[in-house]
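2 protein chains.
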Amino acid sequence: MDQTPRGNRLHIAIFGRRNTGKSSLINALTNQDIALVSSVPGTTTDPVFKAMEILPVGPVVIIDTAGIDDEGELGQLRVRRSLEVLNKADMVLLVIDAAAGVTEFEENIARTCRENKLPIVTVINKNDIHPVTAEQFEQTRQQLGVRTVVTSALTGQGISEVKIAIMKSAPPSWDEQAIVGDLLKPGDLAILVVPIDPAAPKGRLILPQVQTIRDILDHHAMAYVVKESELQACMLSLQKKPRIVITDSQAFQKAATETPPDVLLTSFSILFARYKGDLKTLVAGAKAIKNLRPGDKVLIAEACTHHRMEDDIGTVKIPRWLRQLAGGELDFQWSSGNRLPASLSEFKLVVHCGACMINRREMLSRIMQAQVAGVPVVNYGVCIAYVMGILKRALSPFPLLQESL
Amino acid sequence: MDQTPRGNRLHIAIFGRRNTGKSSLINALTNQDIALVSSVPGTTTDPVFKAMEILPVGPVVIIDTAGIDDEGELGQLRVRRSLEVLNKADMVLLVIDAAAGVTEFEENIARTCRENKLPIVTVINKNDIHPVTAEQFEQTRQQLGVRTVVTSALTGQGISEVKIAIMKSAPPSWDEQAIVGDLLKPGDLAILVVPIDPAAPKGRLILPQVQTIRDILDHHAMAYVVKESELQACMLSLQKKPRIVITDSQAFQKAATETPPDVLLTSFSILFARYKGDLKTLVAGAKAIKNLRPGDKVLIAEACTHHRMEDDIGTVKIPRWLRQLAGGELDFQWSSGNRLPASLSEFKLVVHCGACMINRREMLSRIMQAQVAGVPVVNYGVCIAYVMGILKRALSPFPLLQESL
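Line by line, the protein sequences are chains A and B. Each residue of the first sequence is one higher than the one before, counting from 4 in the numbering used here. Each residue of the second sequence is one higher than the one before, counting from 4 in the numbering used here.
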């Protein structure tokens, strides 16, 4: 994740009066012990920028500010420096001690954010020590007029809700994940293998193929589009090797044979699993497939209620493959529409659709719902790649994930 | 036009009793004197297949049958041979002498066509000699139950209506015109130059670009898609020369500089003028642009009522360019929607939209309406190419049209 340029990371400034538990909250969000935690007020001094990862939000920069209500001359300097970071932040987490409540300090921060059109999430922390009443919650929410979450950084309570609130508050550009362009240098060549079968729409290409071409052009690279039958001729027509071959999964085996080993090879499905979700978590989920045993409960979740075709992927094909791998009948359940079922923890696996009708933010929050419930989650694309035995090779552009298999 | 494979030509079988004027009708449709015209019944003997062109219907094969009611043994043989050609025909023109009316013979033909699901157009000919009354017309139409047109092959009356009836009766496959695939051999490489400007839809390609890629793949060729800034790098990456470079008109000058002279070069607009209409007639229409004089009436015709943007092509840009070329104000009129104005002959030029919302058949019949009125017609794409001075080079895949300029 260190390859992520700083500019693409979501910059989250954390504000809070001394000893509200900012550092503990950062640790809880990142599962790391990087922030210095102490119960002596004012341990954190100048604003510190820390590149971190919050799963599944992705790479972030946490801007850890000094306790902004510090007294004395040094304190005033700290306050000024802390407010300067608002220019560099994409959003603000405002941490309140449940026992202390809202003061002029928090109202100032909320107003400054409003003036700067900066999204803000209020976290009422230390719920374990001072349980927050419904009344206090509602009052805080109304006083500050922003999205509010109750947490205990100590017990982990509410941490996933903070992550969801972060994703929902992040600016529109945060959603922007390149399809493949971030894997290419300007002038690089990407070969796209596009079978034309009876399912292809007449006279068109399917949207993921079009989006991939566009993404390549947007990154000043070049897209060479061929049917699988022309892949070899295409390779021979080139003076230099392509950077990557991207194939429809159907043609993966043929593409794998005809792609030199030092050329990256992946599928549209893998690229779109990353574009539309959290590839790392989905690949980890794929590993759970081999642990399925007859009788296990499996949730197949679709975001929309599409017209089911014969040999439908979600109701026929994937169940058939998973049954074969499990060596017996599985207890499938299906969900579709806006929400995943509340009781996710009873499932051994969640298999989610490709999310073509929902955005990345929504898919990430669904993936997190499964993670919070401790259930492995894959999407259709990663599941099919695993079942076909092509997942490892198809992860060639992502060596860390490839090694994790 | 001799390059058109026989299989792609619309096969029209012409039936009619002896001396109904079949041969004169063929001559009138094709503006040729190929059919042997004589007033002696039965001059035409065995069915004869003639590759011809009916403008703007396109390349056809006229199956000129023997007078099918011939008497005697030789006559019976002719009848049998004539009926066999129905298997090879896409549609039937049934010619009736206005003086003779409908007999069992015509009813047989109409019934046989119905049984074979073959479209049929009845032509009541020789209206000049025996004017057809409304009553006779209606009676004929009802007796045969098919599309009916009154003509005089001698005076030319009704000939354009026959052409329109042919286009409307032609089978669905007749509409199918390749975008560029018919100019490519399997394994050929086509470079597509696709500028990404602020007007491009976010994350997509515009439909004509997608359709062109698909058409290339459908013809077992390869599509290399690049922005204009990468065209040179793309050329250098290749072992062999591409067959053709297809560019957005915006990037034409740059593409023209960077495309070797022995590589075909055209624009999406030119390909779509051909795909959606009759390129030959539109190119002929372009030549009329230089004859425009101040005060001339020009019709700008759009098939749909789209939302007009600032600097709209039909209301702002094209009028501006044409005014400049004419050296003064022109008398513009605009039409939109289903039909062209009836009084086309008052215009010096018809400039039609790109026909993205209507099909080829509809566009061809609109082009013909202008032709019948004796008015030159161009579409936006050809007009812009002419105005930009790139039409000649952009016609490089069509040498006959290029020479005609």
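Hints were generated in silico from the structure; no laboratory data involved. A portion of the hints provided could be inaccurate.
Given that identical chains are not distinguished, each listed pair holds provided it fits within a single copy or across any two copies.
Unchecked claim - Only pairs whose alpha carbons sit at most 27 Å apart, straight line, appear in this in silico DSSO-like list of lysine-lysine:
#1 Lys243 with Lys188
#2 Lys91 with Lys395
#3 Lys120 with Lys205
#4 Lys53 with Lys320
#5 Lys53 with Lys293
#6 Lys53 with Lys230
#7 Lys293 with Lys244
#8 Lys188 with Lys205
#9 Lys171 with Lys205
#10 Lys171 with Lys53
#11 Lys351 with Lys320
#12 Lys320 with Lys395
#13 Lys53 with Lys243
Keep in mind that this is a model prediction, so the values were computed, not measured.
Structure-based check of all given hints:
1. Lys243 with Lys188: both (14 Å within a copy, 24 Å between copies)
2. Lys91 with Lys395: neither (39 Å within a copy, 54 Å between copies)
3. Lys120 with Lys205: between (46 Å within a copy, 25 Å between copies)
4. Lys53 with Lys320: neither (45 Å within a copy, 53 Å between copies)
5. Lys53 with Lys293: For Lys53 and Lys293, neither the intra-copy (37 Å) nor the inter-copy (67 Å) Cα distance is at most 27 Å.
6. Lys53 with Lys230: Close neither inside one copy (46 Å) nor across copies (38 Å); limit 27 Å.
7. Lys293 with Lys244: neither (36 Å within a copy, 49 Å between copies)
8. Lys188 with Lys205: So Lys188 and Lys205 pass the 27 Å test across copies only (21 Å; inside, 33 Å).
9. Lys171 with Lys205: between (38 Å within a copy, 22 Å between copies)
10. Lys171 with Lys53: Within one copy only: 22 Å inside a chain, 69 Å across chains, cut-off 27 Å.
11. Lys351 with Lys320: within (19 Å within a copy, 62 Å between copies)
12. Lys320 with Lys395: within (21 Å within a copy, 54 Å between copies)
13. Lys53 with Lys243: Intra 40 Å, inter 51 Å, cutoff 27 Å: neither.
In this structure, the hints that do not hold are numbers 2, 4, 5, 6, 7 and 13, in rising order.
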